[in-house]
Amino acid sequence: MNTHVKDMPQTKAKSHFMKRAWYVAALSADVGPEALFHRRLLDIPVLLYRKQDGAPVALHDRCPHRFVQLSAGKRNGDDIVCPYHALEFNAAGKCTRSPHGTGAIPRAAQVRSFPLVEKHGFIWIWLADEEPDHSLLLDYGPLEAGPPTGVGYTYMYLKAHYEMIIDNVMDLSHVDHVHGEIITTRGQLSPLIPQLKEGDDTIGARWEWKQTPPIGILANFLPEPDVEARHFVEVNWSRPANIQLTIGATQDDVPLGLDHCVGQYDLHVTTPETETATHYWFATRRNHLEHDAEFNAFKIKAMHDAFVNEDFPLIEAAGQAMETSDFLSLNPVLISSDAAPVKVRRIVKKLIAEENAD
Amino acid sequence: MNTHVKDMPQTKAKSHFMKRAWYVAALSADVGPEALFHRRLLDIPVLLYRKQDGAPVALHDRCPHRFVQLSAGKRNGDDIVCPYHALEFNAAGKCTRSPHGTGAIPRAAQVRSFPLVEKHGFIWIWLADEEPDHSLLLDYGPLEAGPPTGVGYTYMYLKAHYEMIIDNVMDLSHVDHVHGEIITTRGQLSPLIPQLKEGDDTIGARWEWKQTPPIGILANFLPEPDVEARHFVEVNWSRPANIQLTIGATQDDVPLGLDHCVGQYDLHVTTPETETATHYWFATRRNHLEHDAEFNAFKIKAMHDAFVNEDFPLIEAAGQAMETSDFLSLNPVLISSDAAPVKVRRIVKKLIAEENAD
Amino acid sequence: MNTHVKDMPQTKAKSHFMKRAWYVAALSADVGPEALFHRRLLDIPVLLYRKQDGAPVALHDRCPHRFVQLSAGKRNGDDIVCPYHALEFNAAGKCTRSPHGTGAIPRAAQVRSFPLVEKHGFIWIWLADEEPDHSLLLDYGPLEAGPPTGVGYTYMYLKAHYEMIIDNVMDLSHVDHVHGEIITTRGQLSPLIPQLKEGDDTIGARWEWKQTPPIGILANFLPEPDVEARHFVEVNWSRPANIQLTIGATQDDVPLGLDHCVGQYDLHVTTPETETATHYWFATRRNHLEHDAEFNAFKIKAMHDAFVNEDFPLIEAAGQAMETSDFLSLNPVLISSDAAPVKVRRIVKKLIAEENAD
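Protein chains in written order, with my numbering: chain A, 967 to 1324; chain B, 967 to 1324; chain C, 967 to 1324.
With the rest of the complex left out, here is chain A (with noise of 0.2 angstroms):
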């Protein structure tokens, strides 16, 4: 089923994303029963709905007659009726009715359609060319281990390149400089210098410190919420903008991991919507008071305002100064702590010049 490569030959030309990959189009319960849910990914618009049989469709948000898009229409069954002459499209995005003339649908009539997986709470969308690889779908289980009220999902957008966002979560030596006590380590991370894990295109960091009293998110669910605790946290990037974050502290005798610690598995993932515009979905499960839906919705929008207030003017009054996505074409300072981010940015740009070159 090939009809995804037939639409948009202004696609082939050079692009500054990275293509060959899963990007996230949307929160699984951001997409209901009847939506029409047009969202731009990587500077294209899309279409996103769900069959009668709740399967997700992602189809290209632009009638290929006169490029209205097809979400301003309506939902004939599984088909979307364009507003402006009513051509309808099928979930393939093949044209199945033409209202005028004879009826005869051209065979050029045919929106592009991208595949989809719904895993793990998210639409993950595959937006290039080729067949969908779909050995670069991590897994990240984890997330739906345990019951509902022990996760959270939200969504958020910036004003920003995604990049930055990226830079932002892979170097955590910012939390104790940008954010209050919900996440403070009290100085003791910036000082370390993190442990790298390269990987085939995969970027790990990993800092282990004590803290006293423990790091806020966490103190509560520690024996003694006062006394000195071992904490851990671990980001690990992989392509094209999914950082998988994990972090736990302890008062025993015990290694240093979420089996052992209190804690919590996070996803960081962004999509860009354009070279100057971001969306951003942070996902955490945790292992501790799993099931407190009142604390669970307490949680997921302390951290969502966190990022939300705190980051994301800095990231975006950064970007606004560099005046450009290519950070390290401005000869940056580097510190220690931007190892991680660095190595991540120069695998990004390698692998989008692989795409560039085929």
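Derived by calculation from the structure, the hints in this document are not laboratory data. There may be inaccurate statements among the hints.
A pair counts as met if it fits within one copy or between any two copies, since identical chains are not told apart.
Stated by the list, open to error - Below 16 angstroms or equal to it, Euclidean Cα-Cα: the simulated EDC-like pairs (lysine to aspartate or glutamate) are:
# : residue 1 : residue 2
1 : 1040      : 1276
2 : 1040      : 1142
3 : 1267      : 1142
4 : 1085      : 1320
5 : 1060      : 1110
6 : 1125      : 1258
7 : 1163      : 1239
Note that the structure is predicted; figures quoted are calculated from it, not measured.
With the hints as your guide, set chains B and C onto chain A.
The following block gives chains B and C in isolation, referenced to the frame of chain A:
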């Protein structure tokens, strides 16, 4: 009187717009006896005003001294006084007074004046460098054949290239899908292949059909408002952007023309403000209930609202999605009803190329 | 102390602005003892603040690490702490502390500092790469020769190229046409050909005339407010964008100068924010009613309002109509009163060309 060719050397560059044509500058009623009326036409700032004898005047709305718009100035009889340094210009654009120094008037102190013709309730303007060709100003006499309570005029503005409007009116197959009861043909028009009429730089299209009940704008004026009627509609485009539309219906055995049917004689005209914004006027003369001022006001408002609320959002969205004014370069899928608008686009392209070649 | 030349390689590109000059950065009164004051000057983001001893400091408002503006950070004594990763910089722009890793400070961790001089109620800044040339900072001592209730300062901002302001002040022939009673010469000034004074990179213009009643701002301070008086006004431009204006009137047989007349000593200074926006300051010292604080406040407000409400709309409109900062390239029609501003434009052009040639 060649004064209008002396100013504005920058307009000698190749233009994206057809210039050898009469464009509407304003409704006659919109330029009051005292007004200094500013409007940008084909990206040229234009000042419109009326001499004391009522004759309309158009000047380049830019003082040749320091480039302030003259429309921000004051009138001195038939002359205009610049608001910045009080240079004064007459209705031919000639500087007639300078309060500076010796009062000597530089020979170059001249603003371009544009030929105007006031006709059929519109002020028409000639923006080309060449002498105006009066044979290109067509006759829309039927608009004036009847009482003032039988004709309506309205002005609209939209953020889209003007050719998107021509496409919309030359392909009426959208009416069943975009508009409500007011002008639906109940699906009868879309399946028809319009009859085309190709002239010397003109394109016409005509549809004939039956529907029950008759079309909303005419049904109540037919003998039996709920019974089938024969209908016709005809659109005739002529340069630069004028479409004369006639629509009628009858329940008798008579020829399908306005002489014999209940119907109306309309004019759609557009003038580009810029590449991405358009002035749009609509005038309609009906041959029924011609003496009812209240209905007349209701009718023109209903038509105005249908265009603005139903067509414009789609047209503006399509224009944004296209990101170019060259529709055909995007390889659109074309359907039978596109024959007329595409032929118009080809003529427009040819005429602009001819102008730029000279 | 050459620290200000190490940062900002991008400023070595050819500039549209003159750089070897002292620009006003701010009014002394506008930079409080605790403030981190941000202003864009010649398209450079600048942080202004005062050391604990009151001395003003100017730093490039961009951390060299991740380019966040330092003005969003915090003070630590005379140092500034970046809000993102807490790098700390002293008043010379040198990084003095990094909380990251070993605390080692990269040699390149340096922001550019700009030489400042605080004088005559203004903070003057040197933005060129070369060592500051103090001979280029002129003396405006008369502003300070008298009580504080005899002098007013005001800041204005407009969306136009800064040379449009110079044009406006160097050609006073507009005052009769643009302004109301406050500074009209009752048509006496426009017919005069000003007397020019061309110096080494300076241009002066002087007008002398009689009017009845005397000019609005001075009439009430003359012996007979309704009787003819002799007037003079003189404007003197010097680089980069400073115009010293003196105006006076007398009803006695004395020389036309400020020593003998009722009048005022003014300074108009502008600094480009960008190519299309300008910071504009006006200061005025009068030699009458010098001890009336209430009149003093009224006077500066009236002048401020006259500029903002009467000049600015015309200047901004002209700038938009020009669509370029190169006024002379548009072949304007010039009149006698343009002699001074056109000569200034030619000097500015010459000086910029000289800088770019080096």
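Here is how each hint holds up against the structure:
| no. | hint | in the structure |
| --- | --- | --- |
| 1 | 1040 to 1276 | between (40 angstroms within a copy, 15 angstroms between copies) |
| 2 | 1040 to 1142 | between (50 angstroms within a copy, 14 angstroms between copies) |
| 3 | 1267 to 1142 | neither (20 angstroms within a copy, 47 angstroms between copies) |
| 4 | 1085 to 1320 | neither (28 angstroms within a copy, 58 angstroms between copies) |
| 5 | 1060 to 1110 | neither (35 angstroms within a copy, 49 angstroms between copies) |
| 6 | 1125 to 1258 | neither (34 angstroms within a copy, 51 angstroms between copies) |
| 7 | 1163 to 1239 | neither (29 angstroms within a copy, 46 angstroms between copies) |
Figure legend: structure checked against the earlier numbered hints; hints not met, in rising order: 3, 4, 5, 6, 7.
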